[in-house]
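In order, the protein sequence lines correspond to chains A and B. Per our numbering, the very first residue in the first sequence carries number 1; after that it's consecutive. Per our numbering, the very first residue in the second sequence carries number 1001; after that it's consecutive.
Some chain A residues well away from chain B (every beta-carbon gap over 10 Å; in silico):
#, residue
1, 216
2, 324
3, 373
Selected chain B positions facing chain A (Cβ under 10 Å, derived; list incomplete):
#, residue
4, 1016
5, 1017
6, 1018
7, 1019
8, 1020
9, 1021
10, 1039
11, 1040
12, 1042
13, 1043
14, 1046
15, 1049
16, 1050
17, 1055
Read the hints as simulated data drawn from the structure, not as lab findings. In this text, all values refer to a predicted model and were calculated from it rather than measured experimentally. Beta carbons: idealized from backbone N, C-alpha and C, even for Gly.
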Amino acid sequence: MKSDRERVVITGVGLTAPNGNSLSEFRSNLLNGVSGVVPYSVRYFGETIAGLCNFEATRYQKRKELRVGTHAGSISIYCVNEAIADAGLQLDQDYARNRVGVFIGITEHGNVETENEIYELSKYDYQTKYWSHYHNPRTVANNPAGEVTLNLSLTGPHFTLGAACAAGNLGIVTGVQQVLLGEVDVAFAGGVSESPQTFGIFAAFASQTALASHEDPAKASRPFDMARNGIVVSEGGAIVVLERLDKAKARGAKIYGEIAGWCYNSDASDMVLPNPERQAECMKIAIQRAEMTPRDIDLINTHATGTPMGDVRECQAIAAVFDQTCDHTFVNNTKSFIGHCMGAAGALELVGNLPAFDDGIVHPTINVDELDPRCELPGLVLNQPREAGKINAILNNSFGMMGINCVLIVKRFEA
Amino acid sequence: MTRKEIFDALIEIVTEINPDEDWSTLTADESLRGKLESMDFLDVVMEIRKRYGIEVPEADYGKLGTMNSCVDYLFPKLSVK
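Isolated chain B, as found in the complex (with noise of 0.2 Å):
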């Protein structure tokens, strides 16, 4: 996957994940955890596990601050896929 395809697919699971947020003017450098809540953010994290087969292990929760950190920590694992 490119980083492009990554950040799409990150948008359209927070999309799921909360359908009431406009995600369409999300910025690649904005919080992303701040717009979640904590059980949002497991939702990304099972999504991710459920999608990909990315295990995302709690001491790396911190990697996904931002759509752009997301992309960064995900990039490596997807871009054989």
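Next comes chain A alone, as it looks inside the complex (with noise of 0.2 Å):
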């Protein structure tokens, strides 16, 4: 048995989605079938889809500070403001500010600003004396927890976690991980994404034939349908704060969900198709140090993107831990409603299930009207919300490409 200084809980929520700025925002969304991917327009590849978030960015920020940062940054900022918020967390009062870390898992981070300082520069003739001071800044890879320190004074470490498609479930794990080691007393943990705002990651995804399309682009992103052909890219943020449950209990915080085991490990196999037998090992690490079965499983939200292949070896993979003895277990997918948020997805999709834990529905997957037969998993929760009962336990998937898997389970809250 634990005691209360070795549990970590979840006692705040920061995010913005391609549909939604809060975590009650995009719960209903996700619960009333509400896509946030719209049509796109990005310099030289040119007409497209996206999922975009629309925050108000000077809630937190002041007019300077949006100029000289990241759009990565911003999210950031926004994120953890609201999360803060959420978690009734007062600074200083609660959590000296040397005491607070900040851990955001990041896809890519660079991109952006470099495709934007070589357009710049493109107007002067290419010639470097025009490139911005502000470039280092702006690329180093700490640059969004970074920002976020600078915004709220936190003295305490920061650092981002290169973790490709699966940063967001690193996030967190490195979160848990830093309260845990005792580095710090709260975590403001998640992941971040900024991915729209670069053409490349579009034109990539392109010319490997995996950019999502389709008329409606409420329809684009469509795991384990049969018409599903691509990836839709979205930009977003969730970041969650992580606390002892001791000091949780003692300032008397809303608790969402208790962290309750994790894995990630590498595929080592392909650069970017994915392995469903580490994949399997990677969920079944996480349940056994979970202290749990695959039947204490109740919701599995998928990280499956839209892909052919993809989705079919995660299907493979979950088939492998979870037989037919586990017949409470509902699987879901969020990227169907906002695409494919890159560094913050695991973050979003986990944080989009939490409520799940009081109100016992599973949001569905969208856009299935033909189910690909190789994806038919038992617990598959489609298109319309599902009234599950009661929800004890939450796995969530992230895998990313170079072959990182991560899985976080999340469970109830009981005291």
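Work from the hints to combine the two standalone chains into their complex.
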């Protein structure tokens, strides 16, 4: 039995998603089938679709900060401030600022800023004396987390986790570890993405024949459907407040859930094609570490991005872990609503499901008109939300290029 | 450009650099450097380069201390433009 000092809980959530700028708005839209994917035009690439956020950046940033900072930094600042407010946290009073850590997962960082700078340079015949002195602070890998510390005068540790599309989960896991190690008393952890601001990601996925298209943008992201044709590139962010249970109790915090277990590993088999054996292994180890069996998992939020091969392989991995005895294990997918929020994906998808502990509802995966038989998992919740009864444990999958896998399990908080 | 036009152009530049600051009350003898962070000042130098093609070498940064000194420095270079 773990002591309260060895238990870490989620006490606040801040987010911006293509279909919501708060957990309540996001959750409502996930339960009501509201997509956040819209038509989009990006430099050089042209017309496409994307999941874009519309948060009020000036709520927490001055106009100068917005001018000199990055979009990823701005998303991070918005999410952290919203998470602090949601947690009812009083910095200085509840925690000294040098005991606060910021740990943010990113798929990549610096592409947007570099593309912008080269575009500006093109107006000056590519003379490098016109290259901005802000380029370095904008493109250092720790920029999004560092901008948060500047915004809030936090003097504890900060860094980002480069973990492709497993980064959102890994950001939270790292926050948990830092709290348990005693490096910090409270962690602001999760993931962010500014990917749609770069043409390169669209062009690269198009070259890879993995960029989604559909005449109706809201139907373009369609994991598990026979007509799926790739990824919708999206931006967003989700940050959770992580505290030790004893400290959360002491300040009377609202508790969304308790971190139960996790695992991260590597496929070591291909740069982009996922490996279902390693994904299954990652899920199994996370479940073991949570001191659970697969039957204890009530909800699996899939990573599935809408690529023909990736979705099938994740379903193979899930089927290898969850057999027919798991008759109360529901499976859903959030990217069908918001596209692929890259570094934010894991964190956003987890927090969008946390309310299931309270309402017992599993949001669906939408846009499945004809289910791919290779993706036919028993508990798949298609197109309409499902009244699932009591949800005690959520397993969140996040996988990324270079074969990085991260599985995180959160359980209902029981005092 | 006249001295007045140079002054107004500088106000426009610093307003873009830091739009949160009220620059309308800045007097000609007030310290410009005192109201700008180090990176902001480099922005001023960059904007002068971009807008007018004028290079301000680092050795001359000290001559851009106040609005008046900025105008003094830039006037001979811009009066013919």
